[in-house]
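A.B. asks: Here is what each chain is made of, one letter per residue.
Protein chains: 2
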Amino acid sequence: MHRVVIIGSGFGGLFAAKALKHTDVDITIIAKTNTHLFQPLLYQVATGVLSEGEIAPPTREILRRQKNVRVLLGLVEDIDLAGRAVKWRFHNNHFETPYDTLIVAAGAGQSYFGNDHFRTFAPGMKSIDDALELRARILKAFEVAEFTVDPDERRRLLTFAVVGAGPTGVEMAGQIRELASATLRNEFRSFDPSDARVVLIDGADQVLPPFGPKLGKKTQDTLEKLGVEVQLGAIVTDLDDDGLTFRRKDGTSERIEASCKVWAAGVQGSELGKTLAEQSGAELDRSGRVVVTDRLTLPAHPEVFVVGDMAAVPGVPGVAQGAIQGARYAAKAIQARVSGGGEPGPFAYKDKGSMATISKFAAVTQIGKLQLTGFVAWLAWLFLHLLYIAGFKQRITTLLSWFITFVTNGRAQRVVTNQQMVARLALERLGAGSSGKLIHGEELAEE
Amino acid sequence: MHRVVIIGSGFGGLFAAKALKHTDVDITIIAKTNTHLFQPLLYQVATGVLSEGEIAPPTREILRRQKNVRVLLGLVEDIDLAGRAVKWRFHNNHFETPYDTLIVAAGAGQSYFGNDHFRTFAPGMKSIDDALELRARILKAFEVAEFTVDPDERRRLLTFAVVGAGPTGVEMAGQIRELASATLRNEFRSFDPSDARVVLIDGADQVLPPFGPKLGKKTQDTLEKLGVEVQLGAIVTDLDDDGLTFRRKDGTSERIEASCKVWAAGVQGSELGKTLAEQSGAELDRSGRVVVTDRLTLPAHPEVFVVGDMAAVPGVPGVAQGAIQGARYAAKAIQARVSGGGEPGPFAYKDKGSMATISKFAAVTQIGKLQLTGFVAWLAWLFLHLLYIAGFKQRITTLLSWFITFVTNGRAQRVVTNQQMVARLALERLGAGSSGKLIHGEELAEE
Chain W
11 MHRVVIIGSG
21 FGGLFAAKAL
31 KHTDVDITII
41 AKTNTHLFQP
51 LLYQVATGVL
61 SEGEIAPPTR
71 EILRRQKNVR
81 VLLGLVEDID
91 LAGRAVKWRF
101 HNNHFETPYD
111 TLIVAAGAGQ
121 SYFGNDHFRT
131 FAPGMKSIDD
141 ALELRARILK
151 AFEVAEFTVD
161 PDERRRLLTF
171 AVVGAGPTGV
181 EMAGQIRELA
191 SATLRNEFRS
201 FDPSDARVVL
211 IDGADQVLPP
221 FGPKLGKKTQ
231 DTLEKLGVEV
241 QLGAIVTDLD
251 DDGLTFRRKD
261 GTSERIEASC
271 KVWAAGVQGS
281 ELGKTLAEQS
291 GAELDRSGRV
301 VVTDRLTLPA
311 HPEVFVVGDM
321 AAVPGVPGVA
331 QGAIQGARYA
341 AKAIQARVSG
351 GGEPGPFAYK
361 DKGSMATISK
371 FAAVTQIGKL
381 QLTGFVAWLA
391 WLFLHLLYIA
401 GFKQRITTLL
411 SWFITFVTNG
421 RAQRVVTNQQ
431 MVARLALERL
441 GAGSSGKLIH
451 GEELAEE
Chain S
11 MHRVVIIGSG
21 FGGLFAAKAL
31 KHTDVDITII
41 AKTNTHLFQP
51 LLYQVATGVL
61 SEGEIAPPTR
71 EILRRQKNVR
81 VLLGLVEDID
91 LAGRAVKWRF
101 HNNHFETPYD
111 TLIVAAGAGQ
121 SYFGNDHFRT
131 FAPGMKSIDD
141 ALELRARILK
151 AFEVAEFTVD
161 PDERRRLLTF
171 AVVGAGPTGV
181 EMAGQIRELA
191 SATLRNEFRS
201 FDPSDARVVL
211 IDGADQVLPP
221 FGPKLGKKTQ
231 DTLEKLGVEV
241 QLGAIVTDLD
251 DDGLTFRRKD
261 GTSERIEASC
271 KVWAAGVQGS
281 ELGKTLAEQS
291 GAELDRSGRV
301 VVTDRLTLPA
311 HPEVFVVGDM
321 AAVPGVPGVA
331 QGAIQGARYA
341 AKAIQARVSG
351 GGEPGPFAYK
361 DKGSMATISK
371 FAAVTQIGKL
381 QLTGFVAWLA
391 WLFLHLLYIA
401 GFKQRITTLL
411 SWFITFVTNG
421 RAQRVVTNQQ
431 MVARLALERL
441 GAGSSGKLIH
451 GEELAEE
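As you go down the protein sequences, you meet chains W and S in turn.
One point on numbering: in the numbering used here, the residue at position 175 of the first sequence is 185, and numbering is uninterrupted.
One point on numbering: in the numbering used here, the residue at position 230 of the second sequence is 240, and numbering is uninterrupted.
Chain W on its own, in the form it takes in the complex (with noise of 0.2 Å):
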């Protein structure tokens, strides 16, 4: 039987598998998560709508009734192209799975751009444990400021700084005034939790670059009515414990203090990269992509697929449709190749449109040449991600989950727990608060 494994439970490992449902191969998929992360609402996580549960089902439920597929937890730590085998762990187990086709499909994580002390004080947003991370540090910076005296102090703790201005960005800016002015209304008895400032800032001249400049200056509008403050043109050149300072292109700098930061900057693609591009001479892009052939396979290794946002194919952003899209064609090619069947021509991407929310009833859309915003964009986001989610269990809670932070504003999920409040500290401690690895790197488990 024809072997194909699967590095990654993504969109691009997950539709590649689901792809392959009825070709005649042996699935293995390695993936370093338990779950399938549906990233583009992990801002919700983040800011206490939806539990972590809602958004990332287990891989192998989904799969389960999908036989020709075995799903394994694993962290891959390297790959023989000449001997077609992926090498991966679980802690000290090391193990070795060979292929005879491998969809590497290992994503990407945040670039702090050189700077990565900054990943101590400023979390990414790309998991499970970052979304969590900052829902403690968002929450626990009001429980704080409900005790501080010090004004001064106490106008820092209720400053949250959001770095990088793409949807993920303006998504977090506009969740943290809502949460702030609407869900803890009443809530505090020393000041008023709509006063808290949230800073947005980005390197470019607009919000929301792809989406063009109309409907980045209707975004900007939208966010500054909500309260939020947009610092464009700026480049973040520290960024520590107490805040962050940034440049502006006139060369001067500003200073903010801000217990509370969140990067959503610059994506780097997986280090798996590298092994690929050493053996297979493919080149890299400058955030670390594989440049891959017009067939998303590398240079001279057909059998080896790279798909999502760990690669880089001009014209396809690095979004969930880009991963699924170029999951589906590599499933296309390989039941060509296992039934004898003619192979497809290069890959071509289509552009179904990007969108993303900004406040409750605000979003923005841009599909082809239609511009959405306001409500109207808000319902065809709402449509869209139901039809997304309704393949999994999780949906109808979703859905009422939703309904009721609509409603009464209310965010369910607002737990911060003892290891959360104790876990920097103690990993500082290990010295690994410089890197941030071990909570968040590529650490699956260290032995």
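Worth flagging that the hints you see were computed from the coordinates, not collected in a lab.
Mixed in with the good hints, there may be bad ones.
For chains that are exact copies, the list does not tell them apart, and a pair is met inside one copy or across any two.
As the list claims (entries may be wrong) - 25 Å max Cα-Cα, derived SDA-like pairs, lysine to any residue: (1) 360 <-> 245; (2) 379 <-> 160; (3) 379 <-> 200; (4) 77 <-> 386; (5) 259 <-> 293; (6) 362 <-> 396; (7) 379 <-> 232; (8) 370 <-> 405; (9) 235 <-> 293.
Predicted model only: the values in this text are computed from it and were never measured.
On the provided structure of chain W, position chain S as indicated by the hints.
C.D. replies: Structure of chain S alone, referenced to chain W:
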């Protein structure tokens, strides 16, 4: 204004505050979690049915409209009875809050009966942290079994030992069996998850001792039909990473190799009991609970009430009703003192019955002389829990999560975070492993 300080946000602390809603007092709650935990449903978080937010709404959200209450997140370190002040801290910020009346409702932790080194390997079931840690351990055991070839090691991974056959232990054992045999069906390729072995161990001669022999036998029968092994008259003498050893009354010992252990065996009153006892001359019982007067106060300190799990009151069990009734009694006494009315007579506990769920559609209930079992008891359980949670915003999502689990056997919450993959190791490296203090103890946030 008369200042009432309440320590703890569990059933005792929350209900004391609520009962003082219309009393002309100034209330401060100091608690080490930001939420009110509905502890009777903790086992459902540990086994993936409910999210943590569904059983732990923020204390300040519940009380947001009660203007005479202020909620503070902090760890109480000491109480100065002579100076009438509570000393507490958050990280390394120290505070002192004066009181006219104090209600101490700091609850209880798990007791390991002098074997505190068991804690690292067998978390208790007292906090959200405990439940999330156990959820991760249970789910990880199945994940690791999928790629474990050695049959003995796989057997060990799929063996779950629950120590303590009170309601929590019975519920955990039943839920792990249901998770294995129903929820996980079809999800694994190397083994049948319904082969998982669940062992329930207790030193007593029956399960659920307070329910009497008849209900105990019924419960045991139901558990055994579910596939749970019940070991009675069995004292755990050794427990480590690999498994545990218990000794029977006839002197024979048995070793069980089990990757995942749950400790639901004993309670230990909050450490704050010691400082109260030292200063007031009150006694502590062998579980470290404070022996209070028949007015629920410290001897010679009528201004200090001790209620809930940390108080030893003859005839009052360590359940939610014990804490709620004690809290309401204290509130009534305070109201009388503030308004100059007559104080209530000695505290009298009204037994409203007890119940435990064994599995889906099966429970045991005892209300006075009425003993119910099976489906009828389960309906009573459902009705009473719905009635209670009706006061909370999460009631609709909770009900829906139950409905989905009852109908589809699915469990919505099965995320294992990356932090959970590494945390134990990280904490062990810190030397916290032996006491488990950082995860499970009283530590809010050391610095």
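A.B. asks: Each hint should be assessed against the structure and marked as holding or not.
C.D. replies: Cross-check of the supplied hints:
no.: 1; hint: 360 <-> 245; verdict: neither (33 Å within a copy, 65 Å between copies)
no.: 2; hint: 379 <-> 160; verdict: neither (52 Å within a copy, 59 Å between copies)
no.: 3; hint: 379 <-> 200; verdict: neither (49 Å within a copy, 50 Å between copies)
no.: 4; hint: 77 <-> 386; verdict: neither (41 Å within a copy, 39 Å between copies)
no.: 5; hint: 259 <-> 293; verdict: neither (32 Å within a copy, 70 Å between copies)
no.: 6; hint: 362 <-> 396; verdict: within (16 Å within a copy, 44 Å between copies)
no.: 7; hint: 379 <-> 232; verdict: within (21 Å within a copy, 63 Å between copies)
no.: 8; hint: 370 <-> 405; verdict: both (19 Å within a copy, 22 Å between copies)
no.: 9; hint: 235 <-> 293; verdict: neither (44 Å within a copy, 61 Å between copies)
When each numbered hint is compared with the structure, violations occur for hints 1, 2, 3, 4, 5 and 9.
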